[in-house]
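Please work from the sequences and hints to get the whole structure.
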Amino acid sequence: MDVQSEDYKAHLASTGHKLVKLTITAGDLTSDVYIELFTGQVPNTVGKFIENCSKGYAGLSFERVLRGGFIQTGKVEGGEVFPDESFSVPFEEYTVGMSNEGPHTNSGQFFITLAKAPYLSAKYVAFGKVVAGFDIVDTIGAIECLNERPVGKCVIDSASEC
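Take the sequence shown: its position 153, counting from 1, is numbered 153 in UniProt numbering, and each next residue is one higher.
All clues stand as given, with none of them false.
Lysine to aspartate or glutamate pairs mimicking DMTMM-like chemistry, simulated, CA-CA at most 25 Å apart:
1. 116 with 148
2. 123 with 85
3. 18 with 6
4. 123 with 138
5. 55 with 157
6. 21 with 77
7. 129 with 80
8. 129 with 161
9. 153 with 77
10. 123 with 148
Have a look at the derived ranges for each label pair, beta carbon to beta carbon:
11. 121 with 43: 15 to 23 Å
12. 144 with 6: 38 to 46 Å
13. 101 with 9: 33 to 41 Å
Think of the hints as simulated: they come from the structure by calculation, not from any bench. Built from N, CA and C at the ideal position, the CB exists for glycine as well.
Shown next, in the form of structure tokens:
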């Protein structure tokens with residue numbers, strides 16, 4: 001998807017959705033991942049994610065890879081805990097969701113699914129989807145791991161709202 005196209009910009013304007021860009025390095029590959037955020041369905045979760053884009057995601061590593069399942073970041077320093085907002089967004093391939101340690105314990109740590117994951121519904125809040133940059137997501141999903149932890153570098157270099 002061309003996130004710079006007029007059609008896509010019109011889509012964002014008509015839905016009220018927001019777009020963020022994460023520049024990610026995995027091994028020798030650096031690429032941009034664009035995530036469309038569902039502001040209408042989960043506005044508070046989207047707001048916290050955007051806040052973390054400006055304050056906490058740069059330098060954060062992907063610390064867990066569940067092959068065929070998801071890739072997950074580490075914890076955000078000083079991430080404020082906030083409640084589950086809604087479970088209305090299904091977990092399809094490349095859905096972005098908030099990690100938690102149980103009900104109402106979201107803090108900014110997030111994951112990206114690598115396949116449909118209905119088992120995550122009603123446990124984790126989905127709030128966006130990857131619309132461009134699938135190459136780097138798939139690279140992280142296939143990277144060499146030891147006990148689900150990437151052996152090489154998998155880091156968010158920068159994060160910003162578009």
